[in-house]
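Kindly produce the complete structure, drawing on both the sequences and the hints.
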Amino acid sequence: MNAIYNMLRLFLVTAFGAATLAQTSSTASIIGAECAKPICVSSNVSKSEMSKLYAQCGLQRTDNAACKRINPLLTTKNRASLVHHGILMPRTIVSRGQTLLEGEGYRQAPQVADELDVASLTGLRTQSLSGKPDVVGAFRLICPPSHISWDDPIVHPGQPGANMHLHIFFGNTRTDANSTYESLRTTGDSTCFNALNRSAYWQPALVGELAGGEDVVIVEEYTNFYYKRRPKGDPGAEGIPISIPRGLRFVFGDPQHPAQFKCVSANEGSNVTRFQGSMQVALAACATGQHLVILQSTPECWNGSQLDSDDHRSHLAYPIKDASTGWKKRCPATHPYLIPKLTYQRVFTIRADDVKTSWHFDHDVYPHADYMMAWDDLIIDTWTANCIDKLLNCSAADLGNATGLKKSHLYKERMAQAAVRVPIPARGQRAEASGGI
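Residue numbers (our numbering): 22 to 458.
Hints may be right or wrong, so weigh each one.
Subject to a maximum C-alpha distance of 27 Å in a straight line, what follows is the list of computed DSS-like cross-link-like pairs (lysine-lysine) [to be verified]:
no.: 1; residue 1: K428; residue 2: K249
no.: 2; residue 1: K349; residue 2: K411
no.: 3; residue 1: K362; residue 2: K428
no.: 4; residue 1: K362; residue 2: K411
no.: 5; residue 1: K153; residue 2: K249
no.: 6; residue 1: K153; residue 2: K342
no.: 7; residue 1: K153; residue 2: K362
no.: 8; residue 1: K153; residue 2: K411
no.: 9; residue 1: K362; residue 2: K350
no.: 10; residue 1: K350; residue 2: K411
no.: 11; residue 1: K411; residue 2: K428
no.: 12; residue 1: K349; residue 2: K253
no.: 13; residue 1: K377; residue 2: K283
no.: 14; residue 1: K253; residue 2: K283
no.: 15; residue 1: K350; residue 2: K253
no.: 16; residue 1: K249; residue 2: K377
no.: 17; residue 1: K411; residue 2: K427
no.: 18; residue 1: K427; residue 2: K249
no.: 19; residue 1: K253; residue 2: K362
no.: 20; residue 1: K362; residue 2: K427
no.: 21; residue 1: K253; residue 2: K377
no.: 22; residue 1: K253; residue 2: K153
no.: 23; residue 1: K362; residue 2: K283
no.: 24; residue 1: K249; residue 2: K433
no.: 25; residue 1: K253; residue 2: K411
no.: 26; residue 1: K362; residue 2: K249
no.: 27; residue 1: K411; residue 2: K249
no.: 28; residue 1: K342; residue 2: K362
no.: 29; residue 1: K153; residue 2: K349
no.: 30; residue 1: K362; residue 2: K377
no.: 31; residue 1: K342; residue 2: K249
Using C-beta positions, here's what the derived DEER-type ranges look like [claimed, not checked]:
no.: 32; residue 1: I458; residue 2: K153; range: 43 to 51 Å
no.: 33; residue 1: I341; residue 2: V156; range: 15 to 23 Å
no.: 34; residue 1: M436; residue 2: V302; range: 25 to 33 Å
no.: 35; residue 1: P276; residue 2: W348; range: 19 to 27 Å
no.: 36; residue 1: K433; residue 2: E235; range: 26 to 34 Å
no.: 37; residue 1: L145; residue 2: A232; range: 30 to 38 Å
no.: 38; residue 1: W348; residue 2: D138; range: 49 to 57 Å
no.: 39; residue 1: V176; residue 2: P279; range: 14 to 22 Å
no.: 40; residue 1: F296; residue 2: V376; range: 22 to 30 Å
Treat the hints as calculated values from the structure; they're not laboratory data. For clarity, every value in this text was computed on a predicted model and none was experimentally measured. For every residue, glycine included, the Cβ atom is placed at its ideal position computed from N, Cα and C.
Put into structure tokens, the structure is as follows:
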């Protein structure tokens with residue numbers, strides 16, 4: 022039985038193991054039609070169906086109990102076996118400090134194992150639906166804020182408290198001035214559902230006054246993070262579609278690609294205003310209990326050779342439409358790789374004691390944002406292959422294969438907060454984005 026069980030584990034649904042979905046009244050059974058595809062993920066597979074698969078694949082017949090409670094995602098320790106069986110695309114591991122040249126011609130950081138138990142951090146979900154008529158596959162997750170500090174590991178690496186303006190951080194709880202791809206991958210919890218996404222996301226803090234005269238950080242309830250891209254094989258793709266490379270980091274947001282602002286109703290069901298170019302215009306229409314929403318999106322074209330650049334921006338570019346592209350929207354020749362566009366949607370609740378006219382980004386900096394990729398390899402491969410490349414509409418950290426990330430205690434605790442206001446920390450100090458005034 023153990024031999025059969027272990028064999029079944031090698032054929033479970035993962036990022037590059039396409040499956041046929043057979044919906045039942047109670048749950049989804051996922052059955053592979055070929056030996057190189059998954060055999061099952063639930064106990065709902067009938068004995069007759071299993072017998073056919075065993076016969077087709079030349080396996081000995083065993084009781085269907087072998088399939089019960091097997092999570093379709095495995096720990097990274099099993100990755101070599103999955104690659105061997107053709108389920109996962111190989112990613113060569115090289116020694117620390119080297120740069121990895123991929124077979125498709127682009128470079129990314131070496132793999133860094135996180136030793137996380139993927140099975141305990143994921144669970145069964147309802148199968149995601151098609152994203153059509155949209156032309157992009159989408160993976161979305163909500164992240165409440167983690168902490169507030171003057172650090173910036175991209176612009177001022179190794180210099181605690183050196184940043185000109187205050188930042189609010191999401192995702193990895195250990196993000197600080199000394200953070201690297203390696204440190205993010207191996208340490209810290211995460212406010213993005215759980216530690217399988219140890220990526221770091223941060224933005225300039227929004228500050229303002231309360232009616233009593235206190236200067237505070239206006240802490241958002243959460244930020245929606247949307248990853249979207251046309252699927253592989255789509256002739257309309259603006260470039261060569263790939264996943265986000267390991268270790269990519271960048272800063273984005275400028276007057277040519279500005280942030281947008283709007284006010285939405287208290288239940289976020291309807292717009293009070295349309296998107297505006299001015300935060301104060303949107304805020305003026307927002308009443309107590311309603312929400313200010315700030316939207317900003319990353320460039321999606323990458324040069325394939327740099328995980329960062331001197332200005333932390335120029336290794337990425339936005340698609341263009343000119344004579345060089347045949348007047349079609351395409352990635353420039355210097356940046357041929359199309360990665361998922363990442364959109365930050367910040368959501369703030371208006372309190373009765375907020376002085377809305379005082380709201381501004383700390384030190385009046387222009388709205389922008391930062392990103393350091395540190396996803397678990399198996400998880401990003403899964404949602405890229407399923408949600409993005411199968412053009413699915415995946416929300417709430419749904420991985421597109423009838424599984425998704427579980428919500429950690431930290432995530433639930435932070436999401437339960439409402440309209441937090443935190444005293445502005447002294448330079449060099451860190452404040453938790455919780456509790457507060």
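Hint-by-hint comparison with the structure:
no., hint, verdict
1, K428 to K249, "holds (22 Å)"
2, K349 to K411, "holds (24 Å)"
3, K362 to K428, "holds (24 Å)"
4, K362 to K411, "holds (16 Å)"
5, K153 to K249, "holds (13 Å)"
6, K153 to K342, "holds (25 Å)"
7, K153 to K362, "holds (18 Å)"
8, K153 to K411, "holds (10 Å)"
9, K362 to K350, "holds (15 Å)"
10, K350 to K411, "holds (22 Å)"
11, K411 to K428, "holds (25 Å)"
12, K349 to K253, "holds (18 Å)"
13, K377 to K283, "holds (14 Å)"
14, K253 to K283, "violated (33 Å)"
15, K350 to K253, "holds (17 Å)"
16, K249 to K377, "violated (33 Å)"
17, K411 to K427, "holds (22 Å)"
18, K427 to K249, "holds (21 Å)"
19, K253 to K362, "holds (14 Å)"
20, K362 to K427, "holds (24 Å)"
21, K253 to K377, "violated (45 Å)"
22, K253 to K153, "holds (15 Å)"
23, K362 to K283, "holds (21 Å)"
24, K249 to K433, "holds (25 Å)"
25, K253 to K411, "holds (8 Å)"
26, K362 to K249, "holds (5 Å)"
27, K411 to K249, "holds (12 Å)"
28, K342 to K362, "holds (18 Å)"
29, K153 to K349, "holds (22 Å)"
30, K362 to K377, "violated (31 Å)"
31, K342 to K249, "holds (20 Å)"
32, I458 to K153: 43 to 51 Å, "holds (46 Å)"
33, I341 to V156: 15 to 23 Å, "holds (19 Å)"
34, M436 to V302: 25 to 33 Å, "holds (29 Å)"
35, P276 to W348: 19 to 27 Å, "holds (25 Å)"
36, K433 to E235: 26 to 34 Å, "holds (28 Å)"
37, L145 to A232: 30 to 38 Å, "violated (48 Å)"
38, W348 to D138: 49 to 57 Å, "holds (51 Å)"
39, V176 to P279: 14 to 22 Å, "holds (20 Å)"
40, F296 to V376: 22 to 30 Å, "holds (24 Å)"
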